[in-house]
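Asks: One-letter residues, chain by chain:
Number of protein chains: 2
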Amino acid sequence: MHDWIDGYDERDWQTTEEGTVRYALIGLGWWTVDVAIPAIEHSDLGEVSVLVSSSTEKAERLAAENDVERGISYDQYHDGAASDAYDAVYVGTPNAFHLEYAETAAELGKAVLCEKPMEATVERAERLVEACENEVPLMIAYRMQTEPAVRRARELVESGFLGEPVSVYGANGQPLLEMNPDHDQWRLDPDLSGYGTSVMDLGIYSINTTRYLLRREPVSVASRMSSHHVAFADVPDERASSSLLLEDDVHVITTSSQRAHEDTHLKLTGTEGTIELDPAFHGEATLKLSRSAVSVEVDHGEFDAQREVREVFDYFADRVLTDAEIYPDGRHGLVDMRIIEAIHRAAEEGEPVEL
Amino acid sequence: MHDWIDGYDERDWQTTEEGTVRYALIGLGWWTVDVAIPAIEHSDLGEVSVLVSSSTEKAERLAAENDVERGISYDQYHDGAASDAYDAVYVGTPNAFHLEYAETAAELGKAVLCEKPMEATVERAERLVEACENEVPLMIAYRMQTEPAVRRARELVESGFLGEPVSVYGANGQPLLEMNPDHDQWRLDPDLSGYGTSVMDLGIYSINTTRYLLRREPVSVASRMSSHHVAFADVPDERASSSLLLEDDVHVITTSSQRAHEDTHLKLTGTEGTIELDPAFHGEATLKLSRSAVSVEVDHGEFDAQREVREVFDYFADRVLTDAEIYPDGRHGLVDMRIIEAIHRAAEEGEPVEL
Numbered sequence: 001m002h003d004w005i006d007g008y009d010e011r012d013w014q015t016t017e018e019g020t021v022r023y024a025l026i027g028l029g030w031w032t033v034d035v036a037i038p039a040i041e042h043s044d045l046g047e048v049s050v051l052v053s054s055s056t057e058k059a060e061r062l063a064a065e066n067d068v069e070r071g072i073s074y075d076q077y078h079d080g081a082a083s084d085a086y087d088a089v090y091v092g093t094p095n096a097f098h099l100e101y102a103e104t105a106a107e108l109g110k111a112v113l114c115e116k117p118m119e120a121t122v123e124r125a126e127r128l129v130e131a132c133e134n135e136v137p138l139m140i141a142y143r144m145q146t147e148p149a150v151r152r153a154r155e156l157v158e159s160g161f162l163g164e165p166v167s168v169y170g171a172n173g174q175p176l177l178e179m180n181p182d183h184d185q186w187r188l189d190p191d192l193s194g195y196g197t198s199v200m201d202l203g204i205y206s207i208n209t210t211r212y213l214l215r216r217e218p219v220s221v222a223s224r225m226s227s228h229h230v231a232f233a234d235v236p237d238e239r240a241s242s243s244l245l246l247e248d249d250v251h252v253i254t255t256s257s258q259r260a261h262e263d264t265h266l267k268l269t270g271t272e273g274t275i276e277l278d279p280a281f282h283g284e285a286t287l288k289l290s291r292s293a294v295s296v297e298v299d300h301g302e303f304d305a306q307r308e309v310r311e312v313f314d315y316f317a318d319r320v321l322t323d324a325e326i327y328p329d330g331r332h333g334l335v336d337m338r339i340i341e342a343i344h345r346a347a348e349e350g351e352p353v354e355l
Numbered sequence: 001m002h003d004w005i006d007g008y009d010e011r012d013w014q015t016t017e018e019g020t021v022r023y024a025l026i027g028l029g030w031w032t033v034d035v036a037i038p039a040i041e042h043s044d045l046g047e048v049s050v051l052v053s054s055s056t057e058k059a060e061r062l063a064a065e066n067d068v069e070r071g072i073s074y075d076q077y078h079d080g081a082a083s084d085a086y087d088a089v090y091v092g093t094p095n096a097f098h099l100e101y102a103e104t105a106a107e108l109g110k111a112v113l114c115e116k117p118m119e120a121t122v123e124r125a126e127r128l129v130e131a132c133e134n135e136v137p138l139m140i141a142y143r144m145q146t147e148p149a150v151r152r153a154r155e156l157v158e159s160g161f162l163g164e165p166v167s168v169y170g171a172n173g174q175p176l177l178e179m180n181p182d183h184d185q186w187r188l189d190p191d192l193s194g195y196g197t198s199v200m201d202l203g204i205y206s207i208n209t210t211r212y213l214l215r216r217e218p219v220s221v222a223s224r225m226s227s228h229h230v231a232f233a234d235v236p237d238e239r240a241s242s243s244l245l246l247e248d249d250v251h252v253i254t255t256s257s258q259r260a261h262e263d264t265h266l267k268l269t270g271t272e273g274t275i276e277l278d279p280a281f282h283g284e285a286t287l288k289l290s291r292s293a294v295s296v297e298v299d300h301g302e303f304d305a306q307r308e309v310r311e312v313f314d315y316f317a318d319r320v321l322t323d324a325e326i327y328p329d330g331r332h333g334l335v336d337m338r339i340i341e342a343i344h345r346a347a348e349e350g351e352p353v354e355l
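First to last, the protein sequences are chains A and B. Quick note: the first sequence, position 21, residue 21 per the UniProt record's numbering, numbers continuous. Quick note: the second sequence, position 291, residue 291 per the UniProt record's numbering, numbers continuous.
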């Protein structure tokens with residue numbers, strides 16, 4: 001227990017402390033500017049050298065404000081501008097633009113760290129994988145996979161803490177319109193977001209973290225989804241609830257909503273114990289364990305969203321610098337895309353879809 | 001807040017403090033003997049006057065041990081023995097025997113407090129309602145409905161705490177074979193338990209408490225269920241996960257398992273807040289509230305299973321003594337039976353069933 005507590009925040013994945021990956025950041029929304037830039041500034045193995053945005057002017061202004069060497073436009077990026085100044089790209093644009101930036105990165109020989117979900121559709125995600133495979137390293141930025149609470153949960157699952165896994169509950173909900181009141185935001189536009197909004201943007205946390213923890217893939221999904229508020233007129237899933245059957249008959253149930261009180265939760269129940277992340281996502285994961293008649297809540301120091309992002313960038317840099325295997329690679333992300341597409345199809349058809 | 005805290009355990013349902021209902025307890029399993037008898041002993045409006053069991057000998061022995069006036073056999077009960085000694089019956093037998101004891105009670109003019117689920121099948125539950133309706137008071141012993149945490153949650157829902165209800169998560173799991181290792185126990189025998197084991201015995205808590213709190217009924221259910229362990233060979237639902245769509249498009253997801261680590265949980269999420277019972281059932285309900293950026297956990301004095309049962313008996317007695325309406329009456333319980341039957345059918349057919 002003593003070692004476990006002392007090693008709680010330890011980076012069990014780190015293999016090098018030497019070297020630096022210089023990033024071009026593509027897509028300068030609040031997440032990139034307010035979370036990713038400071039996260040990389042505090043990281044061990046990364047630095048931001050180029051910002052890429054819609055216009056040279058905007059990119060240069062943000063570069064100056066954030067003490068970054070170069071600012072270039074999307075067009076300049078595609079033309080190979082400043083390509084000596086960076087080693088890798090971070091793609092943080094709306095989903096439907098990931099492919100084009102990854103394709104250019106692959107042509108330029110730059111490693112790609114791509115936000116999740118990896119693209120708007122399965123077909124485009126497949127093209128993204130093909131563009132990078134055997135060309136450049138590709139990682140999907142599932143930041144739960146380097147979150148210490150999740151990695152400790154993974155160790156516990158692996159060591160048999162749960163006994164036989166029985167069921168999983170995952171929830172991810174937020175009041176999107178309170179965070180951004182704009183009805184025209186890209187997350188509500190299927191041309192930019194893809195199949196929908198709440199499963200693509202939120203449900204994916206429950207799905208991917210469950211896959212990561214249990215190492216079992218869904219074989220069948222069923223789902224219900226619906227939209228009510230006028231801002232959600234173009235997307236089918238203002239709210240969604242899904243049922244996934246994993247290999248070995250593990251029952252997974254999830255909810256996601258873009259118009260609900262903030263709520264993130266993941267609970268794995270087995271024959272012998274439960275492992276709970278409550279809250280689970282968005283930089284505040286708290287681990288709760290229960291087995292026999294004992295319950296433990298692991299209260300630890302600050303590990304906010306920025307710190308989570310720092311871990312992702314350093315994991316990626318560690319892999320790129322040592323030419324090592326990446327766990328959440330393109331093929332790993334592609335499985336989520338297929339699951340999400342099947343969830344949407346199951347909701348539309350009103351019956352389970354086999355995977 | 002001050003009044004709310006002071007009134008937390010208050011019986012907002014109580015209308016009389018006068019009178020006594022004398023009970024015949026039918027079915028003397030551990031629940032009746034270890035929980036119900038002491039609960040009634042401590043109750044305000046009830047007393048146990050007759051015990052009814054398989055043989056006169058067993059009933060008389062248990063009566064003597066528990067300081068109860070009379071002990072009679074099932075046959076004697078049906079013949080009207082000792083009927084001057086009790087006003088009401090508590091039916092705590094295996095599900096498939098509820099009907100016959102309720103029928104006799106109705107013939108004898110005795111009020112009926114019947115355990116949930118009310119019978120083994122919808123058809124038998126309908127006969128039970130018909131036997132009692134317009135003859136004697138009938139209540140189904142949903143003890144969550146008189147649990148203070150649940151009643152306070154109900155007040156909050158009614159006052160708009162959640163905003164618009166979005167989704168509900170309900171879980172109820174237990175390690176049945178650790179509690180009772182007998183593979184031949186009635187909960188694993190469909191002739192005695194009915195449609196199955198985990199939804200009938202455990203899932204019903206999530207279903208009924210959600211109905212009680214939201215006052216919305218399911219319009220469609222979908223479900224998966226499976227059995228693995230040899231002891232569960234005759235029942236389809238060692239584990240089950242279900243999705244219920246309520247009126248007003250509230251998405252409900254639930255799990256139940258008879259072979260899992262103990263876990264009871266109910267969470268209601270709305271556009272403005274969440275109301276959580278964690279743990280939820282089996283005499284340890286703890287209320288957790290969240291709205292705006294504020295979270296509150298309501299930690300209260302002991303309110304164990306016996307205390308929960310005392311509330312149910314006194315609520316029932318209060319209604320019988322004042323001839324008042326019973327909320328969880330036969331028709332209310334019948335809805336649960338229809339939901340459970342539909343859940344089993346949906347799992348069998350592999351597609352949603354409309355209600």
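Simulated from the structure, these hints should not be mistaken for laboratory data. Don't take each hint at face value.
What follows is a list of derived Cβ distance ranges for each label pair [stated by the list, open to error]:
hint : chain 1 : residue 1 : chain 2 : residue 2 : range
1    : B       : 38        : A       : 349       : 30 to 36 Å
2    : B       : 295       : A       : 292       : 27 to 33 Å
3    : A       : 19        : B       : 304       : 57 to 63 Å
4    : A       : 234       : B       : 295       : 32 to 38 Å
5    : A       : 348       : B       : 184       : 27 to 33 Å
20 Å max Cα-Cα, derived SDA-like pairs, lysine to any residue [said to hold, decoys possible]:
hint : chain 1 : residue 1 : chain 2 : residue 2
6    : A       : 288       : B       : 58
7    : A       : 288       : B       : 30
8    : A       : 288       : B       : 297
9    : A       : 288       : B       : 299
10   : A       : 288       : B       : 298
11   : B       : 288       : A       : 278
12   : A       : 288       : B       : 186
13   : B       : 288       : A       : 14
14   : A       : 288       : B       : 236
15   : B       : 288       : A       : 354
16   : A       : 288       : B       : 288
17   : A       : 288       : B       : 57
18   : B       : 288       : A       : 298
19   : B       : 288       : A       : 279
20   : A       : 288       : B       : 11
21   : B       : 288       : A       : 137
22   : A       : 288       : B       : 286
23   : B       : 288       : A       : 297
Note that CB positions come from ideal geometry on N, CA and C, so glycine has one too.
Asks: Could you work out which earlier hints the structure fails to respect and list their numbers in ascending sequence?
Replies: 1, 5, 6, 7, 12, 13, 14, 15, 17, 20, 21
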